[in-house]
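A.B. asks: Take a look at the letters that make up each chain.
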Amino acid sequence: MLDAVFFYTFALMTLTGAVLTITRKSAVHSAIWLIVSLLGVAGLYLLQQAEFLFAVQIVLYIGGIMVLFLFVIMLVNLDEAAKQRQFNNQRWIALGCAVIVGAEILYVLAKGTASLSLPAPAAAPAAGGNTEQIAVSLFRDYLLPFEAASLLLLAAIVGSVIMAKRRA
Amino acid sequence: MNFLDSIWLIPLFPLVGAAVMLLFGRRLANSVIRILCPGTIFVSFIFSVGAVMQLAGSEHKVHEVIKYLWMPPLHADWGFLLDPLSSVMILVVTGIGFLIHVYATGYMAHEGGFYRFFGYLNLFVFFMLTLVLANNYLLLFVGWEGVGLCSYLLIGFYYHKKSAGDAGKKAFIVNRIGDAAFIVGMLLIFSIAGSLRFTEVNEFIEAHHFAAETAAWGILSTTALMLFIGATGKSAQFPLYVWLPDAMEGPTPVSALIHAATMVTAGVYMVCRSHVLFELTPMTLQIVATIGGFTAIFAASIGLVQNDIKRVLAYSTVSQLGYMFLAAGVGAYWVAVFHLFTHAFFKALLFLGAGSVIHGMNGEQDMRHMGGLKKYMPVTHWTMFIATLAISGIPGLAGFFSKDEILAQVYGSAHGSKALYVVGLTTALMTSFYMWRLMYMTFYGTARSHVHAHESPLSMTGPLMVLAAGSALVGWLSVPKFFPIGAHTFEHWLEHVFGSEKGGAEIPEVLLTSLSVAAALLGIWIASRIYLKVWEGPLYKAMLNKWYVDEIYDFLFVNGLAKGGGEVLGAFDRNVINGGVDGAGWLARMVSSVSIWWDTWIVDGAVRATSFTVKLSGYPVRLLQTGHVQSYALVFIVGVLAMFGFYVLR
Amino acid sequence: MPLANFIPTADDYLRYLPEIILTVVGVVIMFLEAVGGERRKPALGWLAGAGLLAAIWGSVVALGVGGTGFQNMVIVDGFATFFRILVLVIGLLTIVSSTQYLDREKANAGEFHALLLFSIAGQCVMASANELIMVFIGLEISSIASYILAGYLRDDRRNNESALKYFLLGSFATAFLLYGVAWVYGLTGSTNLAEVRRVLMTPESAPNLVLMGTAAALMFVGFAFKVSAAPFQVWAPDVYQGAPAPVSAFMSTGPKAAAFAVFLRVFITAFGPIATRWEPFVWGSAIATMIVGNFAALTQTNIKRLLAYSSIAHAGYVLVAVTAHSEIGTAAAMFYLAAYAFMQIGAFAVVTWFSRQGEKFVNVDDLAGLGERQPMVAAMLTIFLLSLIGVPLTGGFFGKFYIFRAALDSNLVWLTVIGLLNSAVAAYYYLRLIVVMYMKEPGAATENIGPVSAGLRVAILGSALATLVLGIFPSLVLDFAGRSAALVK
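Residue numbers (the working numbering), protein chains in the order written: chain A, 1 to 168; chain B, 1 to 650; chain C, 1 to 489.
Please keep in mind that the hints were generated in silico from the structure rather than gathered at the bench. For every residue, glycine included, the Cβ atom is placed at its ideal position computed from N, Cα and C.
With the Cβ distance kept under 10 Å, some of the chain C side facing chain A (calculated, not the full set):
id	residue
1	Val125
2	Asn208
3	Met212
Derived list of chain A stretches under chain C, where covered just means 3 residues or more per stretch with a C-beta under 8 Å from a C-beta of chain C:
id	segment
4	98-112
5	134-144
6	148-158
From just these sequences and the hints, can you work out the full model?
C.D. replies: Printed below as a string of structure tokens:
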């Protein structure tokens, strides 16, 4: 019962935050609403007894990445960009389509949930939390994706430098 | 020397010629090219003759040489098959190909890009020989597309002429439509028989005793129909004939070689090659015969009033190809091949003769500006005279034997019908009319232009004379059964492929022959009444006044009939006969203008509608391609919506 | 837990050798770029080329050990090796055809080569992925690097537009892919392809088919974007037109081939048991893709845009092979992608040379008289165009032939007929280029045209040779493809 209350609270936080992120005009407001949304996700992790992920979510996303975001937003004059002509005159069609797609997904889910065979929930972690399990998963089972992701980040960094660098 | 095992070399000689021309041709003197290119074809011809002679001496009359296992899973190899059918084809391709090459050395002497022209021409011969010697459908298709490509290159040879480029493009694209069907047919054959090799496919079909699909439309009928649609593209049958008349934009030797003697007959060859399949599908055969007959009469009716000398011949070719399909459609495959064989001689000769006229008239192609050329170009005139007699079906010349046999088969065969016979006979009448119209307008009467015409050089007239001899004589290889003299060589030779003729209904052959000769003579007579009278040529007086009218009068007077009776008959001649002739002329023009109307409005209209559709189809695309990322994302969402909707609704 | 459990075996490293080589060489190039002077720049291209050659060798070594590695994350079989080598060869051709371009645009720099190698590494990961997570990471490595390459000349507005569009829409499509992965995990409890297949095959544990079909549809969106299949193809013309010509050549072949590799592997291995669920939308998409690509190409006047639409149409033909979901279908798709890569790169290489600085000459009419001025290049371009049309004795013909054969074998009659009619329509716009080249008087664009640089010459001749070899001796590649196609499951 209490779990359900928490779940819906966090879920509501996540969704409201997400919607407001994309509807606010001011970039700073958007960023702050994004923080709210990410906090909700962190709460969901905690509910799943994934303490490590919870901590990482708070420290990395909210603590690190979002602060960088805010810095960038405040350094770059985004208000100027907001005043420029926006090509969003089809937003109502787009909204309609998105709503229909959402409805379709819901319908399909509703039709199929009965026969949904979700895997059994993981066993309760031993004392000390699930950090060790994550380590095994990340550094043994998923070692290769973990390492390959570094190549992904490297490519992204090189790319952003190229894009930002002023050519002589 | 064992020519039979060397048949794979036959296509290679022209290929070597083409490679030399296209790689080093620019540096070679024209005199070298003049020897080299016809030379390669001549070597192929020698090899072909040798191989055919050895084949005739062999026991099974079929010889297969597989040089390289090309695609083992498809049973498609780099392999060659020589049997009586392909032997006829290689002799036509190399023999007539050689003559046309020789002719072209004279015709193209003053053109730029001499080496390029001969390079393409040799390449064409290579692909054509690959096509007819291939032992499987896939290799045949390689040749099939190759000849199409070369024809495209050669039509567009005068690349400063925009119409030439357009005509080449049209030919290529119309052929692609036929090719699509051919590929489907080929795939169906593979899925039925598990092989693409002719011998294996035929064996499989024979061994499995497929019931003939007489009652219901089945997979075999579809397969055969697909192959036939492929053939209509290459052999210019209705409704895919539209490219051939335009293809006359190319140099005349090209028209003679590709668009008369060889490439356009590839469809007929392919249908005959697949005769085992077609035999089992009477309904498809019916379609083949109907399309063939319709194309024959339809194209002939357009040919009645064309004024461009090459276009008359182009429509005539379409019409004659229709005849061949008519023969194949009634199950008389050997007759189709026989007509293909004789047609190659006289039609090549007609084109080359027309080329000689155009050459002599400094490029003039409109017959209304010709006339009276007989005395300036005697050799051209007499050779074309023979060819025209042959194509009209005058007894003793090549066209007579093959055309007569086709009409007899259409009349008598189990697949044939009286209606198709009437169509064929009418076409014969039209053919002789438009051909003599061409002769009269070109060679007789008075000259209607100030161009000083001159006879062509020996390199051009030589091949004309050889072909004229052929047009006169090759028909004797297979004469009607009631003929006291002559041979049946051709028929017996092809029996090894198609089997001996099944005993059909008794054919009143003498009567049929008389009818077709009468049709030919009637055509000549109408043409002479119309065209010689208009221009009061010398032959008009000679032929009409002396042969017919005078003799009739003499006959009447000798028999002592009253003068009044003579006057009555004179009035009959003036009013009724002339009226009849005028009426026939009017009818011909009528039919022809209906056909031309169809050609310009429906066919061109279809082409225009297609290009309009193309433009129209650009609009939705342009509507979507706004360049805005947002709209693109919207398209994505709509796509997702549709995909999910599919699941929701199902 | 003992440390030894965490250390991969030597064989695991060997199975991953090409990716390792590419990453290391890419990083080394960036170092050298920083420390080397202006004069050393050309050497970086050579180094990148050597790296690619080494990676080809690495792929062969990897095939020698074969099997799955890194806890089932990668699978090295004939299929993976085929696509690894294909994208590596595409990379080689891209490098040789871009040197002159980069010099001309004064943009010769190590990053270009490094990013190219990273992108190819991502494609190699995709080719050998045996796990949805690996699919996603490989796809992203490949994509992010190609987003940057599309906008490599950052002072060029067309490049900027191209990169931005590619990036935004690519991220959008990847979101669908990732959502689909999440669904698959939720429904089957695994992201391993073989495991997903096993779950779907077992009747008692098989999840609801409606949900599973939707999951497949979500993943299809991601793949369809990468292979530019309708209705997710809208980005392709703008992006290919705006990007630097050698990069367009690369983007329309490398990522596409790799995306088809994962598409085939995921849909045939993992989703094979529910083929009836996904066949309808792949079927529909194949038809729509062919029609949109071919008909839109008819009215194009810009060669790059024309080739972009043509690339869409060719993706449609490959989708026909995917719809067939049989072994010969897979083999046909593999062969077609190889044949297509050579003809497309070859055609783009000619455009690269022809367009001159700032890509001034990219209109169809600019080609007028090329046959007279540069007969050799015109002949090569003709070979590529004939192959794109699908004329026998070129790779394109046999590609189409095998695809339609596979389709007919799977009873996809309408798909075959529509596909063949489409290929007849396609002849029209390719032929227009040939007509312009040979049958028009030379214009301003063909006057004073410079010679073809050595690199481009290698690229053009190599592609033409490969196109012809695939057309004349298709068995060389087809046999290997046929044997590898059986291993997909």
